[in-house]
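K.L.:
Each chain, letter by letter, is given below.
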Amino acid sequence: MDSNIALTMRGICMTFPGVKALDNVDFTLKKGEIRALMGENGAGKSTLIKCLTGVNKFEAGEIHVDGIEGAIVNKDTMDAQKKGISTVYQEVNLCPNLSVAENLYIGREPLTKIGTVNRRKMNQMAAQLMQDLDLDIEVTKNLEEYSLALQQMIAIARAVDMDCKVLILDEPTSSLDDNEVEKLFGMMKRLRDQGVGIVFVTHFLEQVYAVCDGITVLRNGTLVGEYTVEELPRVKLVAAMMGKDFDDLASIKPEGTMDFEHAPLEIDAKGLSHAGTIKPFDLQIHKGEVVGLTGLLGSGRSELARAIYGADRAQTGILKVNGEEVKIKSPIDAMNLGMGLLPDDRKAEGIIGDLSVRENIILAMQAKAGIFKKIPMAKQIELADQYIEMLQIKTASKETLIKRLSGGNQQKVILARWLATNPDFLILDEPTRGIDIGTKTEIQKLVIKLAQEGKSLIFISSEIEEMLRTCNRMAVLRDGAKVGEISGDEMTQEGVMHAIAGGAAHE
Amino acid sequence: MSKVKQITKMQLFLPIFSMILVMLVNVVYDIACGNPPFGFFAISTQVTSSGNAILYGRLIDILNRGSEVAILAIGMTLVVSASAGTDISVGSVMSLSGGMCCMLLAGYGVTNVSEYAKPLWFGIGAGILVAVVCGLFNGFLVAYLNIQPMVATLILWSAGRAIGLLLCNSAIVYVRVPSFQVFGSYVGFLPTPILIAAVCVLIMALLLKFTALGTFVQSVGINKKAARISGFNSAKIILMCYAICGLCAGIAGITATSRIYSADTNNIGLNMELDAILAVALGGNSLGGGKFNLAGSIIGAYTIQAITTTLYALGVSSAQAPVFKAIVVILIVVIQAEPVRDYLKKLSAKKAAAKEA
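For the record, the sequence lines run as chains Y and U.
For the first sequence, position 248 (counting from the first letter as 1) is numbered 236 according to the numbering used here, and the numbering increases by one without interruption.
For the second sequence, position 145 (counting from the first letter as 1) is numbered 166 according to the numbering used here, and the numbering increases by one without interruption.
Just so you know, not all the hints are guaranteed correct.
Said to hold, decoys possible - The calculated DSSO-like cross-link candidates involving lysine-lysine, where the alpha carbons are at most 30 Å apart (straight line), are:
#1 U:K312 <-> Y:K335
#2 Y:K267 <-> Y:K224
#3 Y:K38 <-> U:K346
Claimed, not checked - According to the in silico footprint, chain U covers these stretches of chain Y (three or more CB under 8 Å from chain U):
#4 317 to 327
#5 334 to 347
#6 358 to 368
Simulated from the structure, these hints should not be mistaken for lab results.
Positions of the beta carbon are idealized from the N, C-alpha and C atoms, including for glycine.
Here chain Y stands alone, though its shape is the one from the complex:
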C-alpha cells in the first residue's frame, strides 16, 4: 500500500432486504486530507461508513488501513477504534454530567497501583491533550457547562487521542452556529496538518468548499467519482449528486410581491409566551401567507412556533384562529383547529421508529379521528401509496419500519403525516435539515404550492437563502424574544443578517 494513503476501500457491496445499498464502491483517503463524502439521502454514505466501522457487515470487497497488513474486517466500533478508525456523530455521545477529563478517558482511565482511577494523572493527561489541540477548556468542569460545539470538539479529541489514523465526522455541523463551525474547522485543519485523514459527511455545500481537499460522491449506492475540490465546483457537485442538472432554485417563487394586507387572518397571536423559552410575542399570519422565523439557533424560533401549537402550552396572551379566540392546551387541540407541526428533532419528536411507513403516515389523522374510528385498512393503504408516490419516498415497501429509512425519507414521511390531515396552518420547523438538495427543492416548491392553495405556513430554517425563496415575510428572534419583522425590500441575505445580528452588525 502506498505510504501516504490512510485508508482504501475496494469493491464494497452491501444489500439490505430489497435494496442494494452499496454496489462495488471504492473509497480512498490520503493521510493529512479532509475528504467530503457527498450524496443525496439514501445514496449510501451512512452505510459505507457503517461498513467501515463494523456496524454493518459488508458482503464483498476489502478494506485496508495504513499500518496493518492485509485486509481488515471490523467486528464493531470498538474493534475499528483499535485499528485507528474513529467516528464522531452528529449527536454527541458523551456523558454531560461527567467532567471533561472523565469523558475523555471513560473506559480507559489511568489507574493507580491499587486499581482505583488515578484522577490526578487523568486530569493532567486531559489538560495536556486540550493544550495540544489548542482548546481552552477546564478539564475538571462538567461537560454540560460547555457549548455543543465544544462538546463536539471534546468528542473529537477523545477520538483522536486513541491513536486515530482515520477520523470520520458524520454531520458534525448540523447543530452548530457559524461561529462554532469556524472553530470546528480550525480543529479539523490542525488535525489534518498532523497527518490524520478525515472523512467529512455534510449536507452543507459551502462547508465542503471551506474546509475540504477532496470530494467523493455517491449516488444510489454506487460511486460517481473521487475528485479534488478544484475539479468539482459547486454546480458540478450538485449535478454529480443528483445525476441531473441543477434545478434552478431561484425561480420557484411566483413573480411579484404579494399583498396580504387585506387577506383574512388565519393566526392572530397577542402576547403569547412560555416561561423560560419564549417571551411574550405578537404574530399575525394571513391566509395563504408563508411567514419565516429567523434567528440564531436557540433564539426562540422553534419555541415561538411550539407556543402557538401548544407543544409548550402558552401561559399568557390571546390566540385567535380564524378570528375566534381559542385556548390550546395540547397539540391535539391545535390539530382540531387545523394546525400541524413538523418538529425540528425528527428522531425524538417526529418518527415512531418501530411502526411502519404506512402507520406513520396515517398517525396524525388517526389521532384526530380518535381511538374508536379506525381508518379502514383500504384507506390507509391508499393514503400511504399516494404520499409515497407524491413525495417520492424511497422505501422497500409501505410496511417497512420507518427507522430503516434514511433521514431524508423519514422527514418526507412525517411531512406526509401532516399533509394527510389537510391542515389550514402548518408549521415546518427545519423541514430540510439533513435532506439532500433535490428533496429540498421539492419541499420548498410544496410550501409555495400549499400557500397558493390558501393555507398558511410558518417556515423555520437555518438556511437564510431557503427562507428568502419561500417566505413572504419574516419574523426575527433574538434571545428568546421576537424583536422585529422584515418584509419587502429588506428581505435580502444581508438584510436578514443585519436583523438577526441586531445593532452589532453595524459596528
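Fit chain U to the known structure of chain Y by using the hints.
P.N.:
Okay, now just chain U, sitting in the frame of chain Y:
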C-alpha cells in the same frame, strides 16, 4: 427452504415452537411409560357425581387452569407496551376483588353462607369495580405523576391483599351457593374459566382489529414525545391501559374465587403477577415497551400452565416444580434472545452455503 424461512420469520414462530416443545415432552414421556403416545391430547367426557358430563383431559386442564394468567396477560401486554413497565399489583388486586365480592355476598363478618346477602351481580360488579379503581390508581401514579411503574404498582402489590383481608375481617369467607360456583366450575360440559378467558381474548382481539387501540398504545409506547406532537394524549392512554389491566385482574380474581367458592385472600392470585409478566415475555414481547403481540402473550400464558401441568404429570412434586419450571423458562427465553437467534441464523446460513459448495 424458502417456506421454512418464511415460517421461522413469523413473529409467533418462537412462542408456538416453545409450546409445541412442551407438548412433545409429554408425548415422549407417555411413550417411555408405555402409555398411548397421544394421551396428552386425549379429551374424553366424564360423568361427575352430580350426573353431568364434563370434558376431561390434560389439554382441557391446561386451558382451564391457565385461564387466570391468560386473562391477566391481556392487560399486562397493554401496560408493558404503553408504559415500558409492569403492573406487579395484579395478583394482589385479584385477591382484593375476590374479597370484596365475597364480603358483599356473605355480609361483613360472616364467614360461611349458603344464601346471598346481596344480589350476585352486585357482588361481582363491586369486585370488578374495585379492581378497575386499583388500575386507575396505578395508572394515575404512572401517567400523571411520572412514578416508575414498578414503584407505583408496588403500593397495591403490598396493600391490595391486605385490604382484601380487612374486608373479610381476616377470615376465609365461604359462599356456598351453586350460582356463585359456576364461574370456576362448568357450564354444560365446558369449564367456565376457559369460556371467560376466551371471551376476554375475543373482545380484546376485536378491539384491536376494529379500533385504533393498537396504534394508540404502541405509538405512545415507542415514542411518547412524538406521539404527543402527533396529537395523542399519552397520559390518558397509559391511564386507560392500567385501567384495563385492573379490569382483567378483577375478572381473573372473581374466576379464581369462584373456583374455591371462597375468598381466601392470602392465597388467591399469589405470585400470579410474575406469571403474567412471564407470559408477556414468553410471547416474544419486549418488556421495554412499544410493539406488542397479544396472541404471543396468550400463548405464553398457556405455555406456563402447560409446563406446570406437564411437571405434575411427570410426577414432580409441587414443592420441586418451580425449579424445573425455571429451567424450562430459561431455555425458552434463551432461544428467543436476539444474540442466540442471530447465532442460529448464521449457523443455518453456513450450512446452506456448505450444501451449495
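K.L.:
Tell me the numbers of any earlier hints that the structure contravenes, in ascending order.
P.N.:
2, 3
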